[in-house]
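S.K.: Each chain is listed here by its residues.
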Amino acid sequence: MEETGLYLHYPFCVRKCAYCDFLSAPADEGTRAEYADALKRDLAGRAQELGAMKVRSVYIGGGTPSLMEPEEIISLMQTVHDLAGEWLPQAECTIEANPGTVTPDKAVAWRQAGINRVSMGMQAAQDTLLQTLGRIHRRQDVIDSVRIVRQAGFRNLNLDLMMGLPGQSMEDWQQTLELAFSLEPEHLSCYSLILEEGTPLERQVQSGRMRLPDEELDRAMYAETLLQMQNHGFEQYEISNFAKTGYESRHNLGYWDLSPYLGIGLGASSYIDGRRLKNTSDLNAYLEAEDPSKLFSVEQEASRQNDLEEWMFLGLRRTQGISREAFKAFFGTELQEEYGQQIRELIRDGLLERCGDMIRLTRRGLDLANYVFEAFLR
Amino acid sequence: MKQANIRNFSIIAHIDHGKSTLADRIIEKTGLLTAREMQDQVLDNMDLERERGITIKAQAVRLIYRAADGQEYILNLIDTPGHVDFNYEVSRSLAACEGALLVVDATQGIEAQTLANCYLALDHNLEILPVINKIDLIAADPDRVKTEIEDIIGLDTSEAPLISAKTGQNIDEVLEKIVTMLPPPEGDPEAPLQALIFDSLYDSYRGVIVFIRVKEGRIRKGMRIRFMAAGVEYDVVEAGYMGAGRLMPSEEGLEAGEVGYFTASIKEVAHTRVGDTVTGADRPAATALPGYKQVQSMVFCGMYPADGSKYPDLRDALDKMKLNDASLFFEAETSKALGFGFRCGFLGLLHMEIIEERLEREFNLDLVTTAPGVVYKVHKNNGEVVMLSNPADLPEPTEIEYMEEPIVKAEIMLPTEHIGGIMKLCQDRRGEYVGTEYIENTRALLTYKLPLNEIIYDFFDALKSRSRGYASFDYDLLGYERSTLVRLDILINREPVDALSFIVHESKAYERARRIVERLKDEIPRHLFEIPIQAAIGGKVIARETVKAMRKDVLAKCYGGDITRKKKLLEKQKEGKKRMRQIGNVEVPQAAFMSVLKFDEDDN
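Chains as they are written, first to last, in this note's numbering: chain A, 1190 to 1567; chain B, 488 to 1091.
Bound-form chain B, shown alone (with noise of 0.2 Å):
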């Protein structure tokens, strides 16, 4: 197809705004198919037999659309991940669009991630086409909205469809303006081939699909390719669109301006990284493609089985989940209170998140996960620079010059009412005041350097929950500053345990300290003795409580009818404590690794 008729856009919108509904809406509008494809897809069956059991996620969909210009159109939607932690993940796909719908909710206004996201789009020169959404709603204003899309963003806002995703109202306006508004692709065909990966999936039958957009050149089957960042070649297999939920293989592969996939019987997910350029491995292009980095893991916390045996269980999940997230990072480690387990790095908490829960979900893992922490700079007497992901690696005191942290700048859009006690909150996380931003009378953009280690446990929540939900959020990292931190350990009946140890800077582990005895001592169980719950600063004591002994364990009553099930409650009870993890002659339940987690949920 020309280019001319072909639009490549993402829509990139504040959450909950309405991005999903609007692409299924779209989706519904047009057709998956040419005519054309229709009836090969009919014919064939062997095709359809042989992707049997895989389902393609929708990384990008290619739509077709007859417009009103009687033309048909190829609309490839390109889909971001919605959170700051996948940041790199979005500008990479919107380098491989010329437009975007910025979708911005007719009751709620411009928000923080519709200023991060639409920047982001601005900064790839994208063309942006605002989408006023939800005026079905009775609190929509989209007039006001509109002022504060064209005030804030400088966005001219009279093409704006106004839509409602969720009724359909206005789809069509969307579409229409899609064609018209947003420029084609360009790019020469018969130039060496630059194609940019912005996603890519594991597929036990093909090896890795990598998605890509061609920006000049063409790619096809039987060609030679090379990833250049990575330098490995393969030989394509397969090249063709994603249609219809499924792949859709192409004769003619995919030439500049198109989005596709391809498969060259990859197995190495870590060779297809996201943002890195195919070029051809006979005639390879001059340059790569601009923007490419390496994502580096932010949070990192250690992952343990919480039954022992399964370790092989969770190495083979890390494994699984590894071949389709290349920015998953995992190492083994031991640590004396959980045994082995795994030291894992993450884009950010939200996708720590969600790898623990697949985890669990998916894989049928049963896990403790201790305290998330940063990336930590130790600079040592000796020169040496030591990059510390966990608090166990911490060298001796005596060796340590000075220790750095990351710094990251948050921008956080709020009611102005709510500004005082979103100000406390940043000056509690040892926030550095940037400035604020009024926009309109009603809210304003706040701006704060904080560090990454205050706003990776419980920010966003203690942030929603202090502005009644109206607060939103955006952090972009800075760098490393000088930070007087230490290393908190925990001791349980005067045993240190390892996995309880977190870095902190020197101000809060008094106030941690305190918080996280006081939590354990609820999570622990009485035992027979009294167990003392210490928090140490380098073998000093700053905080203790006591479990008292147990007092009471006893059923009172057990006659005939109640034997067999009091039989169950006892055993029960035993199987529980089975599930504890053993730490000198103390049981631990596994809940209490998990509380040092929590530990600032009552400061709200």
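Okay, chain A solo, but in the shape it has when bound (with noise of 0.2 Å):
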């Protein structure tokens, strides 16, 4: 079988963030320990594929998966490896934590479970912006949780950052890169907030309690941001995500090169075959399924067009955007013959630019990337 990424969720929080739409919600310590014991029953139903694969990343999700405790995760991680055919040498294994649930008990535990990433939601340098965001933890958690994980022998970190958040200035947002880059992560995601509907913060939104800044300001926050990670030796491989050399995230590269994933867990996705499955997201149901494997939907069948579609609009999420030869190779046509009327208008509204076998998004694309990708939509 291919190289596969696997996907762990954990869909448990303390509290529900202001922005959250993710599957996760507090739970007592009871529904906690149950669903730890289902996703071992979903990681056995899996052993088939499991045993077929190479496991090129684990990745484990939320929710506030640092909320486990310490001998669930060392538990978990000993079921997958049992499991799993082969795990690759470079494979890489994350973990989500956030600041305030990080305890030196835990990370050393994490270290003893193979995990050796860890991506920390750090959010802002503002304790009043973090309490917008609804946010459990303040400033000083964050600088006390990553010497936490460092000092556990954590080597590879990312950091979660937002932008464009009500109330935040240039300045605020000069700051949280600042202190961000003083704690010298190798990763950081840098994500310019996206208003879900239903959220707490779109209402406030929506009533004019709060109001965004504009879409000056925001494209200025990420235009400075773009700066600061090269002034700070960080690369930019993604839309929002910047690393060291040689620290870009497998797992998640993984995503946008069509390569295979495996979810376990509650509300998880798939992409296997070609097909996007996911997980039920009904938490009883999963909790008393002898096999909660069994419990998941096709979301879209496997198809030429759905391949084409999510090739172009998550490849050139990448910044080195999509190789014209490695399209040849996955569809045995030309980009050209498939999309080169698109192509040439979005090259001439500046949007698009050729670099050698790549098309990529040009700096502007870059802000305007949803109006590229609708292109190339049928």
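If you're looking for bench data, these hints aren't it; they were derived computationally from the structure.
Some hints here could point you the wrong way.
To be verified - Some but not every residue of chain B turned toward chain A, in silico, with C-beta under 10 Å:
hint	residue
1	Ile-640
2	Lys-807
3	Leu-1015
4	Phe-1016
5	Met-1037
6	Lys-1039
7	Asp-1040
8	Leu-1042
9	Ala-1043
10	Lys-1044
11	Gly-1048
12	Ile-1050
13	Thr-1051
14	Leu-1056
15	Lys-1064
16	Arg-1066
Ideal placement from N, C-alpha and C gives every residue a C-beta, glycine not left out.
Two chains, two frames, some hints: make the complex.
M.R.: This is the structure:
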């Protein structure tokens, strides 16, 4: 089987953030323990697929996986190791952690469990902004949590940052970047806020109680980000992702490269043999099922059209762009044949550019990526 | 039945004073069938079968009432449309009656439409029975309302029933008074036929069903009849009554004094105009009944299918609507911006809204409507006079000697405390003050001459909001007056958009221009490039806004769990753009065309 990424979902958190529309909610200890067991049954149900798998990455996402008890994590990863067929030498194994939930015991346990990367939700350097977002942590917790994971021996750390927040000034953003750089991570993800429907933050913005920065300020923040990243030796490799050389997230690259991935856990998505699957989002059903791995539905069947569209709109998220050679190898036709006109127009509009074998977003294309992606949808 | 036992009446009222509730109560309290008809209906299954699928609107309903005197009476309740747009239809319905119930809300008293409808009824020499409704409400003050009716209209209210249509209180008294107070019809059954058309309805099985009041003579199956104004003849296939929510054919037909219907395999609804007189082809009446006039469209707008490929559907839908609504006018037109569509004419703005809503709801059409306008008279240098209903057809300024616009007389009934605000509103709309009449200390009737094009947009809403809902309003067309009018053209990215042009008084042009470009700026999404939006008169730009170039259109995150969802989002966004109209290289959403309709809303 192909090199595959493995995603494990942990749908619990201390408190739901104001902007969050993920499958995540607070839960009592008993439920969380039950869930840890169900995850293992889910993995067992996938034993055959896992056995045939070459694991290139594992990603424990959430929710707040750093809420898991040390034994739970060790036991979970043990199950993964027991079932996985082959474990690639460079395999990246990430856990998402939130400042305020990280303890030295846990960090040590993660190391024991074979986890080699921590992705920390820092978001902002200002306590007021963290409060606006409904985060449970404060600025100081970020500093403390980073120290803890470093002391436990983690050599690959990502910090998630958010820009375009209600009430956030350019200065706030610069200070956030500054604090992030001072913590010397290997990887940074900088997201411009997406106001998701139905979230408390969206309601506050809709009702006028909060105001988002205008497009101009949001883009100025993004421009500042690109500049600062360069100054601090980070290379941009995706619209919102930056890394020191060699520290690009292998797991996330897989999503944009159309590599297969297997999602374990409540509501987790999989992409296997060109099909997109999604596990049930019904927590009780998942907990009660003898074999929760059977509780999934097909979101999208495999088709050449889907592959074409996704190849374009996911591939172009990467700043290196898409390779015409690779396209031809995958689809058997020239990129020009499939999308010649769209590409010509987008180059004319200054949103795409050619660079040797590659077609990629221009600087302006990074700001208007959706406009570009739409062109490749039917 | 003897004429002495027939009563033909309408119910007139200001909107929301309880007209339909009272009608419902009256129908409930009476029988729909006589004893003999009851038997017929049970036996006549064939008929039932034949009529399945047809629902007859209650244009008129025939009720059987056994009065206190022990006799059975036929009460024909003739419905009247309740809005100024349909004044002519109301007047024809009233002309079919001998009497009218004037329903007045005991908490509100007389309102503008109470007066307008009442005067209309008096014009037709109807006997008017005032009915005070809503006496169950705490705020009811029947004595005050009675005094008002006596003082303002001069009607005797000593016999006025005090009722609650809602609770059913004193409905019997209303029925009894209908018999004792309203006069029976007159007319000679042996005279040549004269029947007034007060409504018609298209039925695909029978053709047009014509609703009539027989004034003289009789009409029956097999008879050859002539529509006097339309000048066409038909053979009557069926004549009868409207009862029990369906048609009840009668072998004897209808005779002088009666209200009913007939059919004659008529396919052309245009032949059965409301107000026309039906007479016998073999023994015609010497004259037609008075009061016929051909309805004229007062308000015009362009209607386009949002999806250009639905043009044939829109045409079919308009054809079908026209079958039941002779006052609807339409003809094909083409717009550079909107493609193929129709210029449609209506009796008024409400009529337009009703048609628009029905097209969207009943025919499942998504429409783009251009700003409604009125008909202007354009006097050209060469002496020619053009009736202009589409701004795009305005001749070159050099060819125009002068223009005229329609003027109405508006009567506004309102609490005195709001006089100042409403007078300001009327002045803003270029109104010419005619007079104020005080009714008691607290209310007044304000009369203004107003240009029709100032009231067709949102005058009614503005009136309501400036009087906290208390002002009521009625208008009548006075005629045309000379006016300084200009055509405002809108340019998007320097391209004129014909569908956005409209005609406006010179003094209003600047302000409207500014508002409209502001609104368009908000409606038109940002593009890759900057888009100037300009308003111009004859090539001279008088207002400008700019839609800034798009700065951000990107989703920051797209990981494994997001892919299908984000793809759907992109597809939706793309789909939205497909539904937009392409003007030059600018994509304009449908809503932008509608936004010009609303440009006064923050006036209030």
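S.K.: Confirm or reject each hint.
M.R.: Here is how each hint holds up against the structure:
| no. | hint | result |
| --- | --- | --- |
| 1 | Ile-640 | violated, 50 Å |
| 2 | Lys-807 | violated, 36 Å |
| 3 | Leu-1015 | holds, 6 Å |
| 4 | Phe-1016 | holds, 9 Å |
| 5 | Met-1037 | holds, 6 Å |
| 6 | Lys-1039 | holds, 4 Å |
| 7 | Asp-1040 | holds, 4 Å |
| 8 | Leu-1042 | holds, 6 Å |
| 9 | Ala-1043 | holds, 4 Å |
| 10 | Lys-1044 | holds, 6 Å |
| 11 | Gly-1048 | holds, 5 Å |
| 12 | Ile-1050 | holds, 7 Å |
| 13 | Thr-1051 | holds, 5 Å |
| 14 | Leu-1056 | holds, 8 Å |
| 15 | Lys-1064 | holds, 8 Å |
| 16 | Arg-1066 | violated, 14 Å |
Hints 1, 2 and 16, counting from the list given before, are not met by this structure.
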